[in-house]
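In case you want the letters, here they are:
Protein chains: 2
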Amino acid sequence: MSNVTEAPASREAETRARIVATAERLFREIGFQKTTVADIARELRMSPANVYRFFGSKAEIHVAVARQLMGEVEAAARRIAFGQGSAAERLRALIVSIESLNADRYIADRKLHDMVEAALDQHWPTIDEHIDRIDALFEAVIAAGMDAGEFEKGDAGLAAKLVHTACIRFCHPRLMVECADRPEPASVQMVEFCLAALRRGVSR
Amino acid sequence: MSNVTEAPASREAETRARIVATAERLFREIGFQKTTVADIARELRMSPANVYRFFGSKAEIHVAVARQLMGEVEAAARRIAFGQGSAAERLRALIVSIESLNADRYIADRKLHDMVEAALDQHWPTIDEHIDRIDALFEAVIAAGMDAGEFEKGDAGLAAKLVHTACIRFCHPRLMVECADRPEPASVQMVEFCLAALRRGVSR
Chain A
768 MSNVTEAPAS
778 REAETRARIV
788 ATAERLFREI
798 GFQKTTVADI
808 ARELRMSPAN
818 VYRFFGSKAE
828 IHVAVARQLM
838 GEVEAAARRI
848 AFGQGSAAER
858 LRALIVSIES
868 LNADRYIADR
878 KLHDMVEAAL
888 DQHWPTIDEH
898 IDRIDALFEA
908 VIAAGMDAGE
918 FEKGDAGLAA
928 KLVHTACIRF
938 CHPRLMVECA
948 DRPEPASVQM
958 VEFCLAALRR
968 GVSR
Chain B
768 MSNVTEAPAS
778 REAETRARIV
788 ATAERLFREI
798 GFQKTTVADI
808 ARELRMSPAN
818 VYRFFGSKAE
828 IHVAVARQLM
838 GEVEAAARRI
848 AFGQGSAAER
858 LRALIVSIES
868 LNADRYIADR
878 KLHDMVEAAL
888 DQHWPTIDEH
898 IDRIDALFEA
908 VIAAGMDAGE
918 FEKGDAGLAA
928 KLVHTACIRF
938 CHPRLMVECA
948 DRPEPASVQM
958 VEFCLAALRR
968 GVSR
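These protein sequence lines map, in sequence, to chains A and B.
Every position in the first sequence, counted from 1, becomes a number in the numbering used here once 767 is added.
Every position in the second sequence, counted from 1, becomes a number in the numbering used here once 767 is added.
So here's chain A without its partners, still in its complex pose (with noise of 0.2 Å):
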């Protein structure tokens, strides 16, 4: 098959894709709350009409954009798990490429932290199954290393929700806001603490 006989599935893929991309620029640009439907249809030359079959409502797109900068977070998390190194190494690289990916996301641009505020306040969904997908990545993680000897045996599945726990200032937009005046400790700092729990294993 050809590239112009492509099927209608994918060009929707595309629409979708193309509607969530630019919504994400008009959050930026002039704010989640302001960013209209109507906007986002203009910049696309599409009608509202249009945007209405792929989104049946302006909270769809917010969510929709909200779980394509989230997937972004999770996609390069994966890579990094299932990665090269020890799972040490992976750990260690895991959470600070969080804080940064976060912090490049929701804290330098102010307006986009509006929505994720949002999101908190009201309990978007996504934001558990977020949580969720990056606990099952700590999960592989510390699972390998308790495997290769490299931490105490213990439930892995437990451990890696205490880690991210540990881990919260990190990679929760508002507390890395909130606790932007107090730098120690550092991500680096927490990392190693946290390896250090591993390796010894908690006794039960």
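Only some residues are given here: those of chain A computed to face chain B with a beta carbon under 8 Å:
#1 932
#2 936
#3 956
#4 960
#5 966
#6 969
Ranges of calculated distance between the beta carbons of each label pair, as one might list FRET restraints:
#7 B:820 x A:922: 53 to 63 Å
#8 A:895 x B:775: 51 to 61 Å
#9 B:889 x A:781: 40 to 50 Å
#10 B:792 x A:922: 38 to 48 Å
#11 B:953 x A:826: 25 to 35 Å
#12 B:792 x A:782: 52 to 62 Å
#13 A:875 x B:944: 24 to 34 Å
#14 A:798 x B:895: 28 to 38 Å
Facing chain A, from chain B, some residues (calculated, C-beta under 7 Å):
#15 928
#16 929
#17 932
#18 933
#19 935
#20 936
#21 963
#22 964
#23 966
#24 967
#25 969
These are computed hints drawn from the structure, not numbers from a lab.
We put the CB at the ideal spot given by N, CA and C, even for glycine.
Since the structure of chain A is provided, determine the placement of chain B on it from the hints.
Just chain B now, with coordinates in the frame of chain A:
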């Protein structure tokens, strides 16, 4: 000196304390935004002008109530930190008590939680002072544990900040609300994780 010929300074302190206690009760009953200085004065059968002799503004009363609530938590934490038991036992008791005292103060009472939100959003300096005071108590217990050979020797000040930050989900009122639907890890599990890290020590 008898109670009758009380010094003016202590009478002033008593009036101040009564204003703060009355404000706190009204914040719980009618909400901290809705409570006016006139409401507080009426409850105390004094004039608003007299309240303003003690507090320059309504905002000063807000901060005094927050300080009072945090001071109660600090006093309980101080008793534990300088009380009986091994360093590990005191660290366990500290974190579990802070979680429970904060839950009593800021979570159960939705109207008081609004004050927490305002304090966080407006960066009341009293929050930073509170974090520093709790950090210092963690440091005292960890330093004692290092001296006693319970924990690996190291920088007790940094270790205190690491433990406090690792436990932020159990100490920070807004996070406690946000994470209410994620019961794992529990605070007792996080304390054991931190104790494992302290016993192992962070290799530099």
